[in-house]
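Colleague: Sequence:
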Amino acid sequence: MSFDPVPSTKIFALVDCNNFFASCERVADPSLKDKPVVVLSHVGGIAIARSNEAKALGVKMAQPFFQWQHVAKRHGIKVLTANFPLYAELSHCVMETLQQFSPDQEVYSIDESFLGLETIAGIKDLVGYGHKIREAVLKDVGLPVSVGIARTKTLAKLANRTAKTAAALKGVCSLMGPKDVESALQITPVGEIWGIGRRTAEELLKKGITTAGDLKHMDDRWIKKNMSVVTLRTVFELRGISCLALDDVPSVQASISVTRTFGHEVRDLAGIKEAVSGYAARAAEKMRADGQVAGCVNVFVTTGPFKPNYYGNSASSRIDPRTSYTPALTRLAVKLLGQVYQPGLAYKRAGVTLYDLALEKEVPMELFEDEGKRAKSSKLMAVVDQLNEKFTDDVVFFAGERQGKSKIMVTHT
DNA sequence: TCTGGGGTCCTAGGACCC
DNA sequence: TCTGGGGTCCTAGGACCC
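Residues in the first sequence are numbered from 0 upward in steps of one, following numbering that gives the first Met the number 0.
Worth flagging that the hints you see were computed from the coordinates, not collected in a lab.
All figures in this text were calculated on a predicted structure; none of them were measured in a lab.
Just so it is clear, CB atoms sit at the ideal spot from N, CA and C, and this is done for glycine as well.
Wrong hints could be hidden among the right ones.
[Claimed, not checked] Ranges between beta-carbon positions, derived for each pair: (1) E201 to A55: 25 to 31 Å; (2) A374 to H74: 29 to 35 Å; (3) V26 to G176: 31 to 37 Å; (4) V42 to K178: 37 to 43 Å; (5) V26 to R73: 25 to 31 Å; (6) T258 to Q341: 28 to 34 Å; (7) V70 to P320: 51 to 57 Å; (8) D28 to K169: 35 to 41 Å; (9) E191 to K72: 29 to 35 Å; (10) P102 to V70: 25 to 31 Å; (11) S30 to D319: 50 to 56 Å; (12) H74 to P342: 43 to 49 Å.
[To be verified] Mimicking BS3-like on lysine-lysine, the simulated pairs with C-alpha atoms at most 27 Å apart in a straight line are: (13) K306 to K285; (14) K32 to K131; (15) K375 to K360.
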């Protein structure tokens, strides 16, 4: 690892929307206010967001609907299925508001953003600044957020968690002073630290390390030898030494995936082919929206992971030159499917990942590539994407992508 | 009967080259 | 021919994140 082993002079604020998807639903439908709300991944799927009222009723994150539907019925929980376009739109609004509070912003996920505050002159009261951020987002977008402020990203995460759990703080927590940091670390279970997952937490607990405070005081060499450099980096962050910089110029995404769990088991190759070519088409569409082209395609299939005789396999292939042309990508995806499909199994899940991405405008023309052909492909794809956006019902798809249900079919040779 | 859907980063091992 | 150390690239798989 290479970084300055000196105390950080940076100031990170982590702004995180509370119960984001559930709160978005309340913005869309104000009658949901003060009622228990749960958002499901899909009809009959698992809980992916819960309002505080729903949490209090015992609905757990990622819990399948069938396990708590009796609770929902008895207490009148409003159960909705995810509306991702709505969440993306509101996320964009939140990020725009946050921009006004710092020129240094890293959009970390759909509902979270880090802000760099050390370059802003004249903030005397960081907690007061945090409250201004909260009020602005609530006023502009109607979403409640929590703000955590500290010297490293990992500590800002911890501060944010504290802001959410300690009601007296009213949604803003600053962990700038060493004493505040130390007492927060001592009451934080090791598995709650950002970057320490289930596996690492289990290992640490076996060794008697139960709190963030315990972990902070472990010997560096011991951590590197027994855990990993990733854990060591987290420990430095807990000590106030910043190892994770603000990433305010996001690079090109490394990969784009479309994967789905089937509503029911699928056994025949034709059924999976249809699904896989559809996923490849959606992935290609997402990629074109970012102006990117892919150099590699991966296809995977699995049977139900909760059933005996689990089977999962994947195959990848290069595609040269890189492209975002749907027919080429679906054709390759279907070919790869042939390599991993085994007859007679009950498949539950499949997916397509496009990676080795690059910006289309930066990809050099191949020596013998037909420039006219490339321009023609791009133009066709642009028309397809426009039509799909306009009608949103995926009216345009390619032969093979969906069999027998075509409205408008584009074939190619 | 009923269990998201995306992403990133790190490591280990093999192939290949000098 | 034998011997060997390193570097790089690629891939698969694990762990973690939201």
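Colleague: Confirm or reject each hint.
Modeller: These are the hints, each one checked on the structure:
Range check, E201 to A55: Cβ separation about 28 Å, and the 25 to 31 Å hint holds. Between A374 and H74 the beta carbon distance is about 59 Å. The supplied range of 29 to 35 Å is therefore violated. Checked against the hint of 31 to 37 Å, the C-beta distance between V26 and G176 comes to roughly 36 Å, which is consistent with it. Restraint check, V42 to K178: a C-beta distance of roughly 50 Å breaks the suggested window 37 to 43 Å.
Separation of V26 from R73 is about 27 Å and conforms to the stated range, judged on CB atoms against 25 to 31 Å. Checked against the hint of 28 to 34 Å, the C-beta distance between T258 and Q341 comes to roughly 19 Å, which is inconsistent with it. A hinted range of 51 to 57 Å for the beta carbons of V70 and P320 is consistent with their spacing of about 54 Å. Distance hint check: the CB atoms of D28 and K169 are about 26 Å apart, inconsistent with the given range 35 to 41 Å.
Range check, E191 to K72: Cβ separation about 32 Å, and the 29 to 35 Å hint holds. The hinted window of 25 to 31 Å between P102 and V70 is violated, with their beta carbons roughly 46 Å apart. Checked against the hint of 50 to 56 Å, the C-beta distance between S30 and D319 comes to roughly 55 Å, which is consistent with it. Taking the beta carbon of each, H74 and P342 are about 47 Å apart, inside 43 to 49 Å as hinted.
Between K306 and K285, the direct Cα distance comes to roughly 33 Å. Violation of the 27 Å bound is thereby established for this hinted pair. At roughly 23 Å between alpha-carbon atoms, K32 and K131 fall within 27 Å of each other, so this suggested pair holds. With a C-alpha separation of about 15 Å, the suggested pair K375 and K360 falls inside the 27 Å cut-off, and the hint holds.
Comparing the model with each numbered hint stated earlier shows that hints 2, 4, 6, 8, 10, 13 do not hold.
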